[in-house]
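Peer 1: Chain by chain, the residues run as shown.
4 protein chains.
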Amino acid sequence: MTTRLQPLTGIVPPLVTPLAAPDRLDYAGLERLIEHVLAGGVHGLFLLGTTGEAPSLAYKQRCELIERACQQVAGRVPVLVGITDTSFQESVFIAEQAADAGANAVVLAPPYYFPAGQNDLFASVARLAQAVPLPLFLYNMPSHTKISFELETVRRLMDVDNIVGIKDSSGQMVYFHKLRELVARREGFSLLMGPEELLADAVLFGAHGGVCGGANLAPRLYVDLYEAAATGNLPEARRLLQVVLRLSSSIYTVGDSQSSYLKGLKCALSLVGLCADSLAEPFQAFTGVQREQIARALDELPADYVPRLAAATPS
Amino acid sequence: MTTRLQPLTGIVPPLVTPLAAPDRLDYAGLERLIEHVLAGGVHGLFLLGTTGEAPSLAYKQRCELIERACQQVAGRVPVLVGITDTSFQESVFIAEQAADAGANAVVLAPPYYFPAGQNDLFASVARLAQAVPLPLFLYNMPSHTKISFELETVRRLMDVDNIVGIKDSSGQMVYFHKLRELVARREGFSLLMGPEELLADAVLFGAHGGVCGGANLAPRLYVDLYEAAATGNLPEARRLLQVVLRLSSSIYTVGDSQSSYLKGLKCALSLVGLCADSLAEPFQAFTGVQREQIARALDELPADYVPRLAAATPS
Amino acid sequence: MTTRLQPLTGIVPPLVTPLAAPDRLDYAGLERLIEHVLAGGVHGLFLLGTTGEAPSLAYKQRCELIERACQQVAGRVPVLVGITDTSFQESVFIAEQAADAGANAVVLAPPYYFPAGQNDLFASVARLAQAVPLPLFLYNMPSHTKISFELETVRRLMDVDNIVGIKDSSGQMVYFHKLRELVARREGFSLLMGPEELLADAVLFGAHGGVCGGANLAPRLYVDLYEAAATGNLPEARRLLQVVLRLSSSIYTVGDSQSSYLKGLKCALSLVGLCADSLAEPFQAFTGVQREQIARALDELPADYVPRLAAATPS
Amino acid sequence: MTTRLQPLTGIVPPLVTPLAAPDRLDYAGLERLIEHVLAGGVHGLFLLGTTGEAPSLAYKQRCELIERACQQVAGRVPVLVGITDTSFQESVFIAEQAADAGANAVVLAPPYYFPAGQNDLFASVARLAQAVPLPLFLYNMPSHTKISFELETVRRLMDVDNIVGIKDSSGQMVYFHKLRELVARREGFSLLMGPEELLADAVLFGAHGGVCGGANLAPRLYVDLYEAAATGNLPEARRLLQVVLRLSSSIYTVGDSQSSYLKGLKCALSLVGLCADSLAEPFQAFTGVQREQIARALDELPADYVPRLAAATPS
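Residue numbers (my numbering), protein chains in the order written: chain A, 1 to 315; chain B, 1001 to 1315; chain C, 2001 to 2315; chain D, 3001 to 3315.
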């Protein structure tokens, strides 16, 4: 396993958590969704990230999701599990569940209620890395956690045993390029891009891959874009980035901007028959006009990458 | 109980959670602390708020704290319990524990990972209010939750059964005055001020009380200030506010500003022998120079309100 | 003059700049407006502040306004002139114009394009204070300048000759109370509150007065509120603050929140026949529904304080 | 001229404004600096941008700079002039000076004191575009102006006569890619990248060039990087971006982060003998340790791109 992870490369979708109701997993949807993304050629799976609505799920559901997803994946690709929490001990608890279920690594953003200074952040994350039974990826997500892993903090954390990579979802490309230079000096340390609109930029300059939410819906699109960028095929990278931008500009921008990404993605997955569109509290699924808007947007995206509308959707 | 709560008035300290280690309650300290604040004349207790480091505690500890604190208080004053969480179901779970332990109300800030729009926020909080077995206070805390309960949202939530008050910790006094006008129309609805530096302002103009962190250390100071303000005794309110400002400017401002309040308060409580100064992750207690700085600051505060340094501190 | 200014007390309206067109003063309106606020008993005038749209005016207009307003006031009350600018030299230039026209003091917020650190800010403001021919008030306005005069910076600036006061428009009441404690130690140093909703809070606890935008429209309301607060008449202060909050909640909240204050205030002044409602670029006056909304709001405010709608408005 | 500008491509350095004193141009330095960047092959010059400290300069200096720089350039490359101001009329005034001096276009960021809504912003910028005698570039710079040109606003402004391009300094690469898609539909409309660390990303995907501050110091580096990216030479683009990142990480990061870019760049230009290092208020030049830090950093950058330290520096 360690070999496969160092460095982890390619497309690692942050798996949507299919929900039959705000507080109940959609088992059939989860199965379909996992098979769909694996069929699309993705290189790993990331459970319980932001796209997976992890902080909104009860611990019981998080554990259930880990177990079922790991069972279904059955070692076909590495599985990463988000353990971000405001409580250190609950993070450790989820990490232990992940190890028991056979996951390959855990992913940690800073605790997100109290904004810690960089020294406290470093020390606490270093202690956590020692306390978990799996390799750990850092997850930079300042829009939701309020604080960033500053470059100097990443530099110090790279020296901590068991920390094997970082996913940057800041969208700050200047920061990312500097992070890339920093990480390039450390063999086996993975650098993954969060926002899918920046996958091409990141991989062209040497990042190892991306954690693309859209890969839940159109996995092959992101896998092809990754490969084009990784092999320096610029014309193809440009062409595919354009498709990604069209998807992002149409599927993720309906309604209130604070939740349009999650709602749009789940609505689309439901419209193409992959899984139900329930969201965990505090969000509610699109209905009516907004659902129709997503349906029209799906229709205009290229059929070779984006599944067509299902006759009857499971929503 | 309902009678006592409507409206809740006076000083309701957000109880510090005494910790013997980052993951273990300090039972003796909890007992001493509760008796100390009750002896100071406080009108209620608020467990598991921001000052109580609730989001950093494991659920097991939160439950243990609720049970022990309620037992110790034994009905002498109303007990409010924070149920703020990113997961709706875990909020309900804590509320049920609180009800079982005999608490009188629960307190809820917006979920703090995903920033919800006001409509989603309203609908989700309204559903939660139906789902919990105790009266619910709203808790406005935008610095930590990223979003605010906008005035129009509060207006709508005031019509929801079971929502009985609001604590505002925004520090935005213009917002607070408008909130006050809004709340004044609803009999029995409590309005409590968060930042202790604004207790006098709030109560002079009609707020019902304050959730003052400093009341862990110097309960009588805040009780006296509350009473001065509630009775329109301006000279006394001015004099006591000055003491509060001195305490705040010296005890809460040492070291990194992001955590100076929590660290300073716990350090002070330890120095006067009330409880241990461990903090939950990701924070670490003051040591050395910073601890000495807090000790000197304590020494300069008036002895009739602020306890003197303990001979040997339990840190 | 120095005697009158130290400390400056009472209500000092930030005078609206009446414009006949986005780039032309409304001379008759200016005359009417000045007589209106003086008749209302205000204790000073502040030209070219935020409410005066100073940064949006050409220098030629700013000079013209200073000259005409000083002439009209003719020493009846002290006149303060805003010299806030991104260019040090242009600030000095406006200060010289103000001195020539007979103004009594100048008012300076931090330069607002480049966010300076506190050390650069201190040093630059100290140099500017030496370079201007009139006493200088600091103006804390972080929402528009991005940076704040931190308490320690104010403490250092209080030792600079020629700096005689500070106006705080941060709306941060915790900061204000600490600022108040700081300033209280310096005889003759003025502390003025910006947001009119906080005038009562500020003056009750010892601030010297307020720079209330609403005093353009209803000067006597703010003068009476100031006097109630300054004499510790709590019931009257509460009653009048309620009127201020009603005015603020209705007149300043129509349309896009970024400019609703300026547009609402100018619209109201126009509706009661005081001056034209043109705004400097980039803003446009209310028309249609929004103008009607302001008219209705005016109608519902108490006639003893707020002028009635003019038969034919000069808009 | 119009032909040359549509679209403007390549490297357009935002020219540093050499100052002999905070309020006096360094004429000899200006001459040397212009010849230095032209010798480096740059494709245009941008006067009075953020790097040019425009908002901190008196109008008299701005006019003097425009005149002298245009004279010196003498048509060898297009000259763009920043007219960003909080006053519409002063913007027009500077634009007229620019036209008289023979400049080729003007550049406008949103007014930066009052945060306008997008509708007011659109309407005001559209009016301004009509009022100026030269083609106009939009300049997106939210960190300093507080507001952004949202995509929909850019879409509307592209239909306004006389608006011929946009420079994006937001650093938000997701926004930039969407902007790029939008602009791609309009022939002759220029899209320029602000942050030099993102020049390669931008040009590889079709942007027309960059406004790179570092090109004041090392013009050939940015010209070569632009050409590598424009021709799809990925290995060379990667190699040169690495040099840019080293320069940026060492020269722009000394001291207080708010002004480290300006101070570091001017200090470096002074150390290599190009111009004096005075800054306009409120900033002061580096001295002592910080100046030595910049000197050491310069020494470690590749000599084929970055000039060597001057024997005696003109500071």
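Possibly wrong hints are sitting among the right ones.
[Said to hold, decoys possible] Taking lysine to any residue and the SDA-like style, the derived pairs with C-alpha atoms no more than 20 Å apart in a straight line are: (1) B:K1178 x B:L1151; (2) B:K1146 x C:Q2172; (3) B:K1146 x A:T231.
The hints are simulated quantities; they were obtained by calculation from the structure and are not laboratory data.
These numbers come from a predicted model, not from an experiment.
Peer 1: Hints first: check each against the structure and report whether it holds.
Peer 2: Each hint tested on the structure:
no.: 1; hint: B:K1178 x B:L1151; in the structure: holds (8 Å)
no.: 2; hint: B:K1146 x C:Q2172; in the structure: holds (17 Å)
no.: 3; hint: B:K1146 x A:T231; in the structure: violated (41 Å)
Of the hints listed earlier, the one the structure fails to meet is number 3.
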